[in-house]
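Please model the entire structure based on the sequences and the hints provided.
Quick note, the sequences are listed as chains F and Y, same order. Position one of the first sequence corresponds to residue 1 (our numbering), numbered consecutively onward. Position one of the second sequence corresponds to residue 1 (our numbering), numbered consecutively onward.
Derived by calculation from the structure, the hints in this document are not laboratory data. We put the CB at the ideal spot given by N, CA and C, even for glycine. Any given hint could turn out to be false.
[What the hints assert, rightly or not] Which residues of chain Y face chain F? A partial, calculated answer using Cβ under 10 Å: (1) Pro52; (2) His55; (3) Pro69; (4) Met78; (5) Gln83; (6) Leu84; (7) His87; (8) Ala141; (9) Ala147; (10) Val148; (11) Asp156.
[As the list claims (entries may be wrong)] Below, a sample of chain Y positions facing chain F; criterion: calculated Cβ distance under 10 Å: (12) Leu100; (13) Pro150; (14) Leu154; (15) Trp220; (16) Arg245.
[Claimed, not checked] Residues from chain Y that keep clear of chain F, each with C-beta distances beyond 10 Å, as calculated: (17) Pro35; (18) Ala66; (19) Pro104; (20) Val277.
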Amino acid sequence: MDGRHLPVRRIAGLLLLALGPVLVLGVLFVLPVSGMVAQGFWVDGRFAPGEVLDVLARPRVHRIAWFTLWSSSVATLVAVVVGLPVAHALHRLRLPGRSVLRAAVLVPFVLPTVVVGVAFRTLLGEGGPLGFLGLDGTPVAIISGLVFFNVALVVRAVGTAWESLDPRPGEAAAALGATPLQVLRTVTLPALRPAIVGAASVVFLFCATAFGIVLTLGGVRYGTVETEIYLLTTTVFDLRAAAALSVLQIVVVVALLAVSARLRQVPDPTAQRVVALPRSVRRSDWPVLSATALVLVAVALPLVSLVAGSFETSGGWGLDNYRALTTSGDNRALLVPVTAALATSLRTAVDATWMSLLVGLLVAALVTRRSHSVAERRVRSVLDGFFMLPLGVSAVTLGFGFLITLDQPPLDLRDSPLLVPMAQALVALPLVVRTLAPVLGAIDDRQRQAAASLGASPARTLLTVDLPVVWKPMLAASGFAFAVSLGEFGATSFLARDDTPTLPVVIYRLIGNPGELNYGMALAASVVLAATTACVMLAVERLRVPSLGAL
Amino acid sequence: MLELRDVSVRYGATLAVDDVSLDLPAGQVLAVLGPSGCGKSTLLRAVAGLEPLSHGTIRADGRDLAGVPTHRRGFALMFQDGQLFAHLTVARNVAYALRLRRTPASRTAARVRELLELVGLTGYDDRLPATLSGGERQRVALARALAVEPRLLLLDEPLSALDATLRERLAGDLREILGLARTTALLVTHDHEEAFALADRLAVMRDGRVVQSGAIDEVWRAPVDEDTALFLGYARVLRGDAARRVLASGGLPGADAVAVRRSAMVVDPAGTLAARVESARVTPDQVRLVVVVDGIGRLDAVAPLGSRVAPGDPVRLRIDVTRLAGLPIVAGP
Chain F
1 MDGRHLPVRR
11 IAGLLLLALG
21 PVLVLGVLFV
31 LPVSGMVAQG
41 FWVDGRFAPG
51 EVLDVLARPR
61 VHRIAWFTLW
71 SSSVATLVAV
81 VVGLPVAHAL
91 HRLRLPGRSV
101 LRAAVLVPFV
111 LPTVVVGVAF
121 RTLLGEGGPL
131 GFLGLDGTPV
141 AIISGLVFFN
151 VALVVRAVGT
161 AWESLDPRPG
171 EAAAALGATP
181 LQVLRTVTLP
191 ALRPAIVGAA
201 SVVFLFCATA
211 FGIVLTLGGV
221 RYGTVETEIY
231 LLTTTVFDLR
241 AAAALSVLQI
251 VVVVALLAVS
261 ARLRQVPDPT
271 AQRVVALPRS
281 VRRSDWPVLS
291 ATALVLVAVA
301 LPLVSLVAGS
311 FETSGGWGLD
321 NYRALTTSGD
331 NRALLVPVTA
341 ALATSLRTAV
351 DATWMSLLVG
361 LLVAALVTRR
371 SHSVAERRVR
381 SVLDGFFMLP
391 LGVSAVTLGF
401 GFLITLDQPP
411 LDLRDSPLLV
421 PMAQALVALP
431 LVVRTLAPVL
441 GAIDDRQRQA
451 AASLGASPAR
461 TLLTVDLPVV
471 WKPMLAASGF
481 AFAVSLGEFG
491 ATSFLARDDT
501 PTLPVVIYRL
511 IGNPGELNYG
521 MALAASVVLA
531 ATTACVMLAV
541 ERLRVPSLGA
551 L
Chain Y
1 MLELRDVSVR
11 YGATLAVDDV
21 SLDLPAGQVL
31 AVLGPSGCGK
41 STLLRAVAGL
51 EPLSHGTIRA
61 DGRDLAGVPT
71 HRRGFALMFQ
81 DGQLFAHLTV
91 ARNVAYALRL
101 RRTPASRTAA
111 RVRELLELVG
121 LTGYDDRLPA
131 TLSGGERQRV
141 ALARALAVEP
151 RLLLLDEPLS
161 ALDATLRERL
171 AGDLREILGL
181 ARTTALLVTH
191 DHEEAFALAD
201 RLAVMRDGRV
211 VQSGAIDEVW
221 RAPVDEDTAL
231 FLGYARVLRG
241 DAARRVLASG
251 GLPGADAVAV
261 RRSAMVVDPA
271 GTLAARVESA
281 RVTPDQVRLV
291 VVVDGIGRLD
301 AVAPLGSRVA
311 PGDPVRLRID
321 VTRLAGLPIV
331 AGP
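Here it is in structure tokens:
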């Protein structure tokens, strides 16, 4: 065989394998999003980029873009500052009940955004335990909601890196006379910098594209680019302005993704890691421990007040709100009972899970196989970046894009029951890939070569080398995808049909409708949804997959 | 300078260090030698203040170190693989402790230059640790540890991560540098060559306990039991009749057991023992044989390079008495 043709053949084979996932992402992601974007650039069939600039020059757009920017920045900063001590305490110290605490911290991240919004309103709203602060509907409330939601990401990403950090350089520094604070500043934080910056960029991304939280907490006064796109498409019907904002968002997000991909090039902390034994707690750990306790209390508060609120009825405490879940609410607020919506949610989540797992597994395998040439490595890294795109592009844009592009043959999916699962699978896809890829990447290729040299066929190699390592992360990734799908609101709010809404959609509709029972039902439904996702997450956490949630 | 009295360190239910007492006079190098898992690294970490003692005291210059945190002990710690700060250049690594003490920049620069010259890495200032070889990294780690003239240098298998040639060369350099600076050092290692290359004194550790300690040649000449002898590099231990016959042939007083180095039996026509060659292997220095001696059994022996010995040949063996050590007690049957 001619050696020079080998790389070309390998790349061709690679691209052939990638064809399936690329096609899926092309049709279900690129097409809808570019359809949405095209709305802004093509006016009456001609190319008119000036219109986009006009929209971007509007003062309201400036205000909203500025609010998005600063609220996300502040939320990111707070999440990082608050997350660091928790990451240290939960990943470096031998605390009693460590694994339960870790799972508890992860719960907010998989809570449906609508639930987070509702929980904060029960806490901060009139009559809530912290209502006297008058924070309801202020930027502080929005930022708290964003921090609450994202702190888990920081704890996860930084904690995982911290856990695998060799303690010996720090010990060497201490022996050279560095105080614990100096060790932190000169040795530990520099070593963690890639993980911290990586986590911060992902958190910023999530904050800047947050939808459910801002929509439920911001009211009419405060909006971000994401909620503005929603308002423009569903209420004002100004598609061009919505498209212009989508373009703005995509540009910013792609730039950010590129930056964070660069930062990830530093060796992945979860690959081939050595976990340092957690050390026992010392008296000098009290600042970290008290900070952690504070964070845990702050994370628990909204949830406790949500649960308490759900048991509150006009005549004292009771289960009335839960009993009402079999009805469709006061004044026919809903078309179907809440329990039916729960069933729809579960069905949808099952579909979304197998879809994202199937595609995610293929993608993870594609991007982690060892490259034999520079060109091949480039192709793989481009593919890697491509499949991360759904992480940053707003779910609202995606949902609306689905509506306007997948509505005619040959791709008329509007009435397909798989439309919503497909959108949700796309949202979950990057998380699935990020959970699986580090695990697959950490398998030493020589193990496969050893198996092959002992006479194992490729399929047999897969079975004996890859599968034993990957089945747990696969289970974890499917649980994660399931939880994400259960809570997905941005895309679903566009795509779910009125007669088959999912639970988050129903909750949002209930809090938008007047009536005490409707509000109570919204709280009860939120508790049910939160409990379901939390159970899934706790089960997943028991699998102890290190890359889970570390994006 | 360093005094350990009845030191114990407990990890949960296991006693990693069990009632260890050691003395290290100023200016000397003490090697703690033991197989992996014997507790020697834990002992080193306890001296550094990284592990709490469950019992006993550690004193430095007469002062009890209980409650003194690592960074106030004035020691320096050098790990097996250097543990350089990957984000700092070589010069910044070496200057780390000086900068902590806010030494003026000009003095820091001069000291860094001096230290890099001492370890033979002049001009490496701006390199990052990732671009250095293993041996260079260890040299930088040594320069970093010596920067503030620690009253005690703690070395955790400083040469074990290096390949054989490099290890030998760096051992020589290390010995010279430690001697020049009159540094007091505590070294832990599982490699007796490393211990012999660097230390003045030796403590042999097993299962958390120090089984023998003393000046290095004393320990080497008179190992306290069979396991110690084998760990110190003796090839075989003979017991009973075999031991007595070997000792008698060498004109030594009898003992129940004797530890024999490979080079204790030398092929010599005038030798006192008759043997038959079982196998022969040429090494750069000598021919190594396995022989069967009448009434003793299988033994190792050496012959000068160029000797023509082949399996099956009868040979006579001379005993080099400096390469035997009678053992006071018999371990096992």
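Next item on the list: Starting from the hint list further up, note which numbers the structure goes against and sort them upward.
Entry: 2, 15, 16
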